[in-house]
Structures are given as structure tokens and as C-alpha cells.
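Student: Chain by chain, the residues run as shown.
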Amino acid sequence: THEKALLDGEDDLCSCLPPPRSTKTRAPPIPFLLLTVRRAPSAPDRPLRPVAGGAPRNRAPVKGGGPRRSSRGAGDAETMPVAASAIYFLNLRGDVLINRLYRDDVGGNMVDAFRMHIMQTKELGTCPVRQIGGCSFLYMRISNVYIVIVVSSNANVSCAFKFVVEAVALFKSYFGGTFDEDAIRNNFVLIYELLDEIMDFGYPQNLSPEILKLYITQEGVRSPFSSKPSDKPVPNATLQVTGAVGWRREGLVYKKNEVFLDIVESVNLLMSSKGSVLRCDVTGKILMKCFLSGMPDLKLGLNDKIGLEKEAQLKSRPSKSGKTIELDDVTFHQCVNLTRFNSEKTVSFVPPDGEFELMKYRITEGVNLPFRVLPTIKELGRTRMEINVKVKSVFGAKMFALGVVVKVPVPKQTAKTSFQTTSGKAKYNASIDSLVWKIRKFPGQTEATMSAEVELISTMGEKKLANRPPIQMEFQVPMFTASGLRVRFLKVWEKSGYNTVEWVRYISRAGSYEIRC
Amino acid sequence: MSGHDSKYFSTTKKGEIPELKEELNSQYKDKRKDAVKKVIAAMTVGKDVSSLFTDVVNCMQTENLELKKLVYLYLINYAKSQPDLAILAVNTFVKDSQDPNPLIRALAVRTMGCIRVDKITEYLCDPLQRCLKDDDPYVRKTAAICVAKLYDINAELVEDRGFLEALKDLISDNNPMVVANAVAALAEIQDSSARPIFEITSHTLTKLLTALNECTEWGQVFILDSLSRYKATDARDAENIVERVTPRLQHANCAVVLSAVKIILLQMELITSTDVVRNLCKKMAPPLVTLLSAEPEIQYVALRNINLIVQKRPTILAHEIKVFFCKYNDPIYVKMEKLEIMIKLASDRNIDQVLLEFKEYATEVDVDFVRKAVRAIGRCAIKLERAAERCISVLLELIKIKVNYVVQEAIIVIKDIFRRYPNTYESIIATLCESLDTLDEPEAKASMIWIIGEYAERIDNADELLESFLDTFPEEPALVQLQLLTATVKLFLKKPTEGPQQMIQAVLNNATVETDNPDLRDRAYIYWRLLSTDPEAAKDVVLAEKPVISDDSNQLDSSLLDELLANISTLSSVYHKPPEAFVSRVKAAPRADDEEFADAGETGYSESPSQGVDGASPSSSTGTSSNVPVKQPAAAAAAVAAPIPDLLGDLMGLDNALVPVDEPTASSGPPLPVVLPSTTGQGLQISAQLVRRDGQIYYDISFENGTHGVLDGFMIQFNKNTFGLAAGGPLQVPPLQPGSSARTLLAMVFSQNVSPGAPNSLLQVAVKNNQQPVWYFSDKGLLHVFFGEDGKMERTSFLEAWKSLPDDNEFSKEYPNSVISSIDATVEHLAASNVFFIAKRKNANMDVLYLSAKVPRGIPFLIELTAAVGVPGAKCAVKTPNREFVPLFFEAMESLIN
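Chain order of the listed sequences is A and B. Per full-length UniProt numbering, the very first residue in the first sequence carries number 1; after that it's consecutive. Per full-length UniProt numbering, the very first residue in the second sequence carries number 1; after that it's consecutive.
So that you can see chain A by itself, here it is in the shape it has in the complex:
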């Protein structure tokens, strides 16, 4: 959806900046900014690998700290990292699309129990973890498919759900982006093959698409490992599956070495009807597309306060002034060296090839809200309402937002609506009981208003609740980060010393942007 969302604004954008190469990816409509064009880094910048020696914590562990104790007492808790005894893919009717038993401890008929006691009851959707008989069912719905994991032991639930999420991402990457009933039916052989590979006896194994695609392909006959000598062999795929860099294969060669960084932020807001901010945060992610040869080491620098302070301290020189931000929390792709992040606050990693999510972060302090929404709703008697919504853009005047949608909930018994807007179009959408106001392009430092009159069918009986669902807003603002996050540098080091071109672009969009009214 990311690329799709970005595509929407294509014609609105100036293309003064060099377009990125279009062979591997579709030309991104929002231009990347050239971050830096640098020579291969000189010696002092060389990241050390492996990092082990650098961390102060790698000294020998405390020895003889007391008698060693048995790891297991009588009433010890059973902790099993098992994630699944069986996994089922069902369609919405409950037909089995895929079933794979990993363990013997659940019966083959458990899927019937799931259908009878969860799918066909009101229970469906009330709780994703349920116990029936001796078995527990963990289920998720993804498009028109239920993925059900059955376990009978005290399994690791978060591991199980995360496995499903990752597996779906893997399937999508194999099926060209879609995951639904048809895709499953059309690829069931491949899915069985993958399920055999990514989980063994209920333990998740390597799920990196990049690596799996080396040796699990759709064309079984042309599998690189078929013993026919004519086939192109992939060197030591098995080492790569299990290796320390389990997410990147060796021997990649690109003519032009490039890295694209996308900083994508979701702005979440909950504002009270009186206009005070109840909760506001930004969850951002840094997506990376790498077209780099060999085994490069990368180092990313952001304008976060702690990172900068640490850097200044390490180089024993005062940190440069400028806007810094405070990250509440960061999580990293498995390629990032966490120990090193913990000690030096630098983000260093060997990236997977192609596209991946490098990191996620969360910020609550100092968020720049891109929009202010000021609703006034008047009820005129029992059958009429006057709704007035003013939206102000508070980002820079040179920027603009795209795809702005404001959804104002109205009562179910709405009969007639009429609108006046200063820009964009508004209409009444009965299926979601809302007035939907769309503005394609919204320049910064401007405001727009919608006034609507709503006529209601007068109702009998049934007392209606006092409050309405919140107004919801959708938008995206290119080249704007609500958090103020900036990429300061991205250093690439590879032993062959090639030059790299780094591109970066920013976009902020609405997460759950809700204004109570």
C-alpha cells in the first residue's frame, strides 16, 4: 500500500530532483533527496566487525559466584518456545485450504472443534486465544482467510502470532503481494513446501524471503538443488540459511550501488471534543531498499538526542546544535547489532538485499500535528443537525498534504444532506454513516471549511446515546515528519570500496487521527 499511496500524488509533484533508477523498482513519484555522494569512507569511519570486542560487557562471566543450582525444581514452570502443533488455513466458510500437522499431540479433527465452537458462534472475534478441550486455538483473520494455530502445550503465544504475521509476509512476497483464498489455492504446493521449511516440529525456523527464495522456487524441476548438473547452483545456500548473516546472501553484484530510505510516519491523535489533546504519538518506520554489492556494513545517523550526545561523547567534541528529537522507543530489524546499539547508540548493520523494514520508532514528545480540526455540531430539534468542520494545516507553507479525507459520523437515520465546502468535495456515505469530505491537495498554512446540513428521520422510542463516534481523518504529507526526525548520514562500507548513492524521502500520514465531537 505504501507504493500505491505514494503513487496517488504523482502528477502533483515537481520532478526537479534526479529520479531513482527504475529497473528494479517502479519510479517513486515522490522524489528522493540525494542524501550525500561520498567517496568510500576513510579509515576512521570503518565499522568494526564483529563487534564483540568493542562492548565492555564481553569480559568473562562471573565465575565461582556460588554453588551452581539445578536448573529445575519440582514445581518449575514449563516454558516451551513451541509455537504450533498444527496450523490450518480456512476460508470464511470454514473449508480447509491448508493443513499442516507439526506434532502428534493434537488430533486431526481439531479443526472441527474450531468451526463448531468458534466460527459458528458469537465467540468469533471476541478473543483471539481460546481453549477448547485440551487444545488452545490462536487465530487471526487475514483478508478472507483464517489462520488457526492449534497447540496443546503451554506454548509461546507471541511467538505463534508473530510467526503467522511473518509467514503471511513471506507468502505475499512469493505470490506477488496478495494473500487471500485464491492465492492460497493457486499456490498450495508452494505453501506446503514453505511450511515444511519455516517450521520444524513447531519451532519457527528461518523465515527470510530473501534466503528462502534461493532454494525454494515454484519451478521445482529447475530448483537449484536438483542434482542435474546443468542447473545453476546457488553456492552454499544452506550456510546462508543458518549463517550469522542469515538474511543476506553472498556474491551480490550491482553495477550502480544505491540505497533508498523511506521514512514513513503515522500520526496518532485522540483529541477531546473540547480541543485538548488526550493522546498523541507518532509511530514511524524506516524502510530501506538496498542495491548494494558484496557484504556492506552500514551505519545510520539520525538527529535523535541520545545518539548525538553519545556520538559527541565518543568523539569528545561538543555536539552540533540543531533540532534534536527524543525517541521513546526503537525496535530494529534482526540485522541491526543490538548490543552495539545499546552501548554506542549507533545503528549499524549488514542489510538484506532489496526492500526491508530497518527500524520502527515511537515518539510522544514534541509532535508537530499537521492538522487542526475544529468541529461544531448543532442539533436543531429532533430532525436537523448543522455540522461545521474547519481544518487548518499547520505545516510549512511550501509543503502540501495529499489525499485528505475527513469522516464525520452522522446518525443512522440521516435522510438528506446538503454541503458547502471551501475546497474539495463532500458527500454522505450511508454504508459507514458518515459525511465524507475529500480534498486532493491541501497546501500548508491554509484552512478549509465544510458546512453541512443534515436532516434526520424523526425516530420513535429507542433512546440514543449521548455521544457520537469520533471524527476521523486521513492524509499524507510528503517531505514532512511529524516527529521532526531527520536522517543525518548513512555510511556504507564494503571491502571493495565502491561508491554509493543514498536517497532519502519522508512522508507523514494519519494513523488513527480521531477527534471526538
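What the hints contain is simulated information worked out from the structure, not anything from laboratory work. Accuracy of the hints is not assured; some may be wrong.
Derived, one-sided and incomplete: chain B residues facing chain A with beta-carbon distance under 8 Å [what the hints assert, rightly or not]:
1. Asp5
2. Asp135
3. Lys149
4. Gln505
5. Asn567
6. Ala726
Source: prediction; values computed, not measured. Glycine residues also receive a C-beta, built at the ideal position from the N, C-alpha and C atoms.
Fit chain B to the supplied structure of chain A, relying on the hints for placement.
Tutor: Only chain B this time, still in chain A's reference frame:
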């Protein structure tokens, strides 16, 4: 890269199996491959294609990896049903395990481990031995897991062949993924063994911590989870571990983060420095909050865990209450959990903000959520004395909206607030009384009546208000009747005038003569007697000052909490139940030739009884854990029995031993007892009985079609019952021709649809078919069907349990007609029904047998059976923590020894 496999699901009109057979034996490779794909497709949709076993296995010898994998998949599914034919595949497996291609070697070992056929297992050993030492780490990591598979099938073999040692060696492997899988395998083997196999020493600890930095995200989870067993020697050791684990909090994988949190929390117990602890708390908060931006299902798991963490260490998230504010589009299960945590984090500092949120939620659409929000306001009032008044004013505002279920819920919580702060807020009673007519839920009605009774002296028209309920007294639910009774008595004691006097007469009459509810009747008689003997004493009893209540709903006791925290991220932490309460796995008993060990278990360590030879089951043999599951139902029962905090309510709560027992049906012989005679069933006769086979409960049911037409489309449903027994699958009955009959075994499962109230053996069943109306009938599931295979107790634990139960819990019954002709035969007969023999002794000419049995939810029965051989008459005494089950037990015992 999208495929077009869906064509394999389409079936042809001709007979499918013969056609597939032909294609599988085709001389063309592609045709064979397509045929195997069709077989797999048929297998997926649930068709039985086991008859093609030989033909499919013949396709196994192939160069084509994809085809090979498909055949292997088929083998995994059907080898068990065709063990003799499965042996055909062995040669190929063994050959493949020596293939130059490491992927094929690994595939062979991985698949062989999944085929649970004894004969194959023997052939697995040599390839496995080789693969554990393979040059290729991919093969080694697969072999590591395979050891765990083999242990599950044949533990003895694994130990004899030295696989455990080989597995331990893999912990030092230079490949992190091999290490991770070896750790997972060892942890699993340790779980199913009573012997110490996998001990984490400080040496392995170092290795594991190092591997942690290098292995995949899943490997990190395996390692972290097994590290959580390690008990640090001292504070320094603990700090060292924590320091190495803390960086994992930044991992993008939620399972890694939660497993890291688990270890940090466990080790924090040992850390003495308050600075370090405070610092750790600070570090854990952000990652926990970040989990709330994951998928809703993951959020749910995170929230259930945060609920536990907040109970143990409230400071961690004390300042983060805002992140638990509900989003409008959150799924209901996420909202409910967020609400629960908000109550836990509410404090004098943030209560205003929290109340605003609750008020907002109380006007949302989902009724359950709204109710919970209203209840949350009340719970905050009880928790925070200084905020009580603000809470009440919010509740009053909500009542004024006059949405029916909001009002009712508000009244229920206001009753609790009155109870917590007596004589403080009665000024609002007038407002409450305005809604009196709209109350239609028992709990709300009962609460309102309690309020009226409690404050009868201040409500001028209390007698009128109560009187308005009296007309419908017989039709009211028990809950309301009990409250009406108590409230009327209170009114009478406070205002002993004529009106109340007449009312009390009417109520007492209604509650004694006119009712068949023993709780109500007994309570009424007690009041009656109190009032007639000594009204002053009655005042002292009924109007006594009540103890202060506190909000401890959903608060876990500290030992359970600690156990759950050690299980963070697992099912246990989601259910808030200890693992034993929902996992029934039988531990492998130590082997017979381990005599030294077995002896030590019996004589040496009395505190670890699980190591005896008999210690086959984890829950019955470990003295400590067997108590835990017992607690659960007891607590649940108490919660049901006393929803209204009332002095006499508690007093009456002890009365559950008086269980109404239904008429016993005719005892059951081998032909099934008729449950629906053909006269009632318009020609259809149904006979059925609950039976237990191989640890699984089945409903053995037989249909006889005495009508003149075909009956088909049979379906079955069970009403809620004491054990939550429900059908495990659809009823498989073929269309019944006139005059024919069919018998089937329907597997039963335990669901959570447990009927409240006293246990009984009644099973209400509804059966329908396409031709007739729905038939309802009642069946009786005798208790012994529920006796579990894990009911065997060890002598010592039996004695301890017997002593630990108070004498009040002992019941006995005579069976005058039972004759025991041989002790051995009786013991054998009882053991077949999972009543296990423990010991016997002679007392004069009588034989005394000691036996044990156990029903689901971990309720044990300790039995003493006294009889003289050959002489009619037996006496059975039983001790159990759950006395409600005693009548059922005696009933079952009668059928067993007759």
C-alpha cells in the same frame, strides 16, 4: 510468481481414486507429479486417500525435489494408518540421508522424525547419528530438532543411543542456529522428563548469551525462554545476565521482547540495588508500550501480560496510562484488556482524566464494553477513597442519560460503593429510585433491593418500594428472591410497624412453603427462627456492621502471580492460569533400569515426590502443584455463589453439600441404554451412553429407524453441563433406511460452556434430522467416565493429601447389595475405569482398599473401600476437596462395584 494450483482441487466425474491410481503409475513424470498434487489437494480438503499409499510411495524415488517433498508430506499424514507399508519408504530415506545435497539430507531426517511408526524409528537412528555430526550446519540444525521428535516417540532409544550427549555437544556448535535448535530440543526433552537432563550451568550460560547476539530472531526466543529457567547465584550474576539481555528489548520481534522482559523480571528479584531496579523498570516501559502498536492479536497477548506485570511492579507503567486509552476502532478484546489495565493504573493523580475516558466509553455502542466501563468507574471509586465522590457524580450523570443497561450497571456498582463507604452517599438514593421500574436484570434488581433494605430507615417509602416487588416474588430469579427476603427482614427490624409485619409474613411464607429452592428455604427458616425466638439477637445478626470491602476483583494472589510471570509470553500468561491447569501432558517415567535413581526418589528426597517410579503424572505426583488446579474451581464456585456481599449470604454459601440428585436411571449394560424410546421419537429410537476409551470421552450413540422413510442429516447438540462437555465434531451418521440402525462414536471435548450451580451428572441432548422435529432427551453421564488416566497417586502423596483434608470433607456410603468376590478382580476392574489401587490392609476379616481417582479440573478423590470377600455389603469412604461432587461420586462407585 503466482501459481495455478487451484485446478488440482477440481474433481472429475469418474471415480476419483482409480483415476488417480492410474495417473500415479503413469510413465510420464509430469503426469505423476500432477497426480501427486491432486492427491495432496484431496488430502487437504479431508478426503481419505490412504488407499493410494503404495502408488504414492512409488513416486518417492525421484530426482525432482518438489515431487519428493510432496510424497514426504503424504507420508507424514498417512504413515500412521499404514505402518506396514510405510516401511517401503525406509530405503529411500536412508539413501537420501546420504545424498551429496545437504537440503536432501536434512529433508530426509526431518521427515523421518515426523513419521511416528516404531519400525521406521529404528532405522532413523543411524542417519540421525550421522546428521548430528554433518559438516553442513543446515543438516545439524535439522538433526537437533529431530532428536526431540525421536524422544517424543521413544525416549529410551534416544538415551541408549547417546543422542542426548550429542545434542548437548551441539550447544557448543559454532553455528548459532544449530545452538538455538539444540537448546529448543533440550528444553523440550527436559520438560517431558522427570530427570535433570538439561541444566544450565554458568558455563552454558556464557555460551548461550554469546549465541544470543548472533542467531535469528526465533533462535533468540528459544534461548531466552530456556534461560528463564536459570536461577542466578547472586545479585551480581543476575545483573550480569540482565545487562546482556536488555539489548533484546529493542528487537522488532515481539516474542523476543517479551521473552527478554520475562528474564529481566525474574532476575530483578535477586537484584538488591534499588538504582539498578529503577533503571531496569525505566528501560522496560517503552518496549512494552511499543507492543501496543502491533497487530491486534499481538496487542492482546501483550496486554494480558502487561496486566500481570502491572500487578507485580506498578511503577513500570505508572506514567503511561494514556497509552491504554482505547481507540475507537480497537477490537473489543483489546478494549476490554486496556480498560482492565487502566483501572489498575488509576491513581489520585490521573483519576480525573481516567474518569473522562470511562465516561466516554460508557456511551459507546458495544454493550459489553459499556457495562465494563461503568463497572470500572465503580471499581475506581472503591479503590481511591479521595476520588469516590467524583466517580459517583460521573455515575449519576450516566444514569441521567437513561440508557437502560447503563442504569442497571451503574446501580450494581453503586451498591458496592455504598458497601465500601457506608452512610456517606445516601443522598443519591432518590435518583436511583427513579429508575426502579426499568430494572429487568436480576443483578441490578437485587442490588437495588439491597440498597433499599440497607437504608430502609432513611427511605420514607421503603415499604412501598419493596412491596411493589412482592407480587412477583415467585417468578423472580433466585438472586432477587434472596435479596428481597433479606431486605424485608431488614425493613421489619428497622420499622417494626404493621405494613412490614404483613410483608414479612408473606415473604417468609413464599420463601419456605412455596419454594423448592433449598438456599432460599434455609435462609428463610433461619430468619424465621431468629425473629420468633429473639428479635434483638436478630437485629444484632442481620443489622451487624459489615466488614469493609476492597476491589480485589481480577487481582491474583502473589504465588500465582509469580508463577504466571515466569511464564510471560506463553498461554499461561494469557489465560492467567498456571500451566498445569490446562496442559495435561504425561511425563515420561524414569526407566526401570535406573534403579538407583528410582530408589533415591522414594527414600531420599521426600520433598521431590515426582521422582518415584510411580510418578507418572506431573500434577498428581508433585505435592505442591496438585493443589493449584483444585483452587481454580473452588474460587470460581465461590464467585458464583456470593455475588452479593451479605453477611448471611456467606453463611448460606456453605450449604452446597445439599445437592439435588436426580432420579438414577437404569444401570447400563453392554447394549446401550435407550434414551429416546421409539414411542416418543415417532419411530426413531436412540440409545446412547458416555464411554471413555484411551483417555478420550466418547458419546456412544446408536439410532434405530422405525419410521417408514429414510432419515438423514443427523445433528447433535449438548446443553451446558457441569463439566462443559460438548461435541468435538459433527455427528457422522449415514442416511438411515427404514428398519436399519447405525451406531457411532462421537468424540467429546471439554469446552468452557460450563453450567453454573451445583454439579450434576445430567447431560441434556438435542438431536435433529432432516425429517423430524428436534428431539430432546436427558442422559446421565456417570462420574467415572470423567476419571482421568492421571488419577494415580503415590502412597506418600495419598497419605499427605488424606491428612491435609479436614474431616468435614470425608463422606461415606454403604452399598448393602454389592459383593466383592475377589480383591484382585475388583482392583483390576476399578483400574480399567481409572480408579487406581494404592494400598490395602486387613482389618479383622475385612479387606480395606485405598484407591485414588481424579476428574477434570484436577479434583482428586481419595477412596477407602471396605468389604469382606464374598459377603454382600461394602462401605466406601471418600475424601475430596470438592464436596459438591461427592453424591456424583457415590453414584458412579455404585455402578462400578456392582
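Student: Compare the structure with each hint and give your call.
Tutor: Status of the hints after comparison with the structure:
1. Asp5: Result: holds, 5 Å to nearest chain A Cβ.
2. Asp135: violated, 10 Å
3. Lys149: holds, 5 Å
4. Gln505: violated, 40 Å
5. Asn567: Holds, because the Cβ-Cβ distance from Asn567 (chain B) to chain A comes to roughly 5 Å (cut-off 8 Å).
6. Ala726: holds, 7 Å
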